[in-house]
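J.: So the protein lines, in turn, are chains A and B.
Its first residue numbered 1, the first sequence is counted upward by one per residue in the numbering used here.
Its first residue numbered 1, the second sequence is counted upward by one per residue in the numbering used here.
Calculated from the structure, these hints are not laboratory results.
Heads up, a few of these hints could be off.
On the chain A side, residues computed to face chain B include the following (Cβ under 8 Å) [what the hints assert, rightly or not]:
#1 Phe-47
#2 Ser-48
#3 Leu-103
#4 Leu-104
#5 Ala-138
Here are a few chain B residues that sit away from chain A, every Cβ distance over 10 Å (derived from the structure) [what the hints assert, rightly or not]:
#6 Phe-7
#7 Lys-71
#8 Asp-106
#9 His-123
#10 Val-133
#11 Pro-156
#12 Arg-176
#13 Ile-237
The beta-carbon is built from N, C-alpha and C at its ideal position, and this holds for glycine as well.
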Amino acid sequence: MKGLGLRLLVLALAAALTMPAWPAIALERPVVEVKLLLQELAYRREFSDQEILNLEAEASARIAKLLQTRIGFAKFQPLRGEAVTGPLLTFKLGARDQGPSTLLKEVGLHIELSGHGGGGSSKRVYWLFRPQERYRDAVGNPAALLREIELRIGDADYTTLIREVLSGIPIARTGQMWTQPLGWIVPHRQADLCMEVNSVLWIENAVPSGAGPIIRSFRARAAGSFQPPGPTSIENYRGFLFSEASPQQEGLNDLAGVRPEMVEVRAVYVLEYISLGPCGTGVSGDPLAPDNQDFRRPGGRP
Amino acid sequence: MMNPHLFARVVALILLLTGIFLWANHHLGIAPGNLGWLSVPTAILAGVAAWVDKLLEDPERQSILRTARDKLRAALSMQVLVVLFLLAFGLGLVYSSVMVIPDSNDPSASISITPADRLDRKHIETLDPKEGVRRFRVVTSPFGRPFRIELEGYAPETLDVYPFVGLKVRAGKELRRSPSLLLRLPPVAVASLKNGGKLVVIRRIGNDGETLATDTEPRSAFLVGRAHSIPPSSYGIWRMELQAAGSDERGIAQSIMGWSRPKVLRPLTTLEPGMMILAEVRSRANKRVASAEMSLGNDSLIDIGLEEVFETEGSP
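Could you build all of it, start to finish, from the sequences and the hints given here?
T.: Encoded structure:
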């Protein structure tokens, strides 16, 4: 019994000594702040200034919660105050541009990304809120309008939103190239991103060349967890999301000839997203998880 | 044989009674047809007199006639006749009437007749055109007295009432029809009414305002004043207006249908040409949604389209 204990202790010490000191590289998902602006004058006139403030804050919180249940590669939280710290996703509830004299207006949500870390996405997405013929309908009280906003956002086409707008948010600014097969390891676990395989990523790299490092971007398909059969020099990436380079891309053959450690992954974006299922639960104990937020108070936490 | 003086006095009395009858006919509306009830007692009296005449002997009959003649002579003395004439003339100088002839197509409406020199003495009644001519007895003066006549649906007028002849007022002639105001609302204002907003029609008096009408029913159009048919030419103008605003055929049809069926609102004060009117739709948050301001002209129907208010404003 004593001999067995000693052997176990020796083995444990040996394992500890031989284990390389890889740094922990798991990243936090990008935090996207969400804000709803009630821009349509016909709607604004129906509410007092205080009601508008409350409604905007409450709607921002509910939209963030809804987005979180559908999209897992970012953390969505309502904008608190005026200070924008990261990417800001703005939902402007306003009329579609149909000329100033139009009597019946179509009202929709104009969604755009701005703020820090918003990437290069300058596109906007428009989601119909109420068609022209509903312009004569009552707006309702703030609670009714909130419910309607929730309903519209719940039914909306997220594919376009991700491709046109959220694809501007980098989910990582680091990563590791891999050659067999050619692809990249993204420092997030698949479950954390709530991302199903076959989601499409856009990887921006600094690739060495005769003219110095040049930027080259490639499409890659999420293929599963990085679990190579033997030990590797990048064991700290084990278990993270592996994305395989999509074939027939310009410059891909050149990349295959470059040593992976020479390639610097600059940013990883999501072009097409397939959800693993209902996301939204967030990381356990995550204070930003929607279930842990108090939406009753504008911008408030429990 | 009747004394010639007595005969003259009886003639004078008959003339006086005729004058009183004519005055009563004109000012009180007592017409021969209205005196039919007198025929029965008159017939009974005549029958009784004829029967008594047959029962009496000549001396008795002569005695009764003499007594009656003496009594009549005593009663119809010159002084009595003069007093009666003076009394009738004096009353005729002071009491007169306003005869109002309503338009049979009008609904029941309130009418007020007020001495222009004593506006606190307002006399209000309800006028039903089915009743026909209506007379209002008034106190006037020998040289006439001005009265302000306000008939619902007509512009108020101040007219003189003279003794004996009185005043005859025909709706639509002496009294001009008051203008009706057709307020057409844009869709955004209708939506606001559906959401708890309200229409307010205000008469501007300098910097002050008098609320004439309010309504919260979500309608596309309101007709303030008397009911008035919409001229067919309006539909063409509205269509052009909507086309200019970029409405499609469906929107045009919806708007015209809504505007052609206005809700009639009775203003607290009859509309008059020259009045400055402000019409607004205010939201449930009391913010201005649509408005129009206008000075009323002489047209019987004034068609105004409220315009959306684009200015932002804070909560009151």
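J.: Each hint: holds or not?
T.: Hint-by-hint comparison with the structure:
1. Phe-47: holds, 5 Å
2. Ser-48: Holds: closest Cβ of chain B sits about 4 Å from Ser-48 of chain A, inside 8 Å.
3. Leu-103: holds, 5 Å
4. Leu-104: holds, 5 Å
5. Ala-138: holds, 4 Å
6. Phe-7: Holds, since 86 Å exceeds 10 Å.
7. Lys-71: holds, 87 Å
8. Asp-106: At about 34 Å from chain A, Asp-106 of chain B clears the 10 Å cut-off, so the statement holds.
9. His-123: The assertion about His-123 of chain B holds, with a minimum of 45 Å to chain A.
10. Val-133: holds, 48 Å
11. Pro-156: For Pro-156 of chain B, whose nearest Cβ neighbour in chain A is about 37 Å away, the distance exceeds 10 Å, so it holds.
12. Arg-176: holds, 35 Å
13. Ile-237: Check passes; 15 Å lies beyond 10 Å.
Checked against the numbered hints given earlier, this structure breaks none of them.
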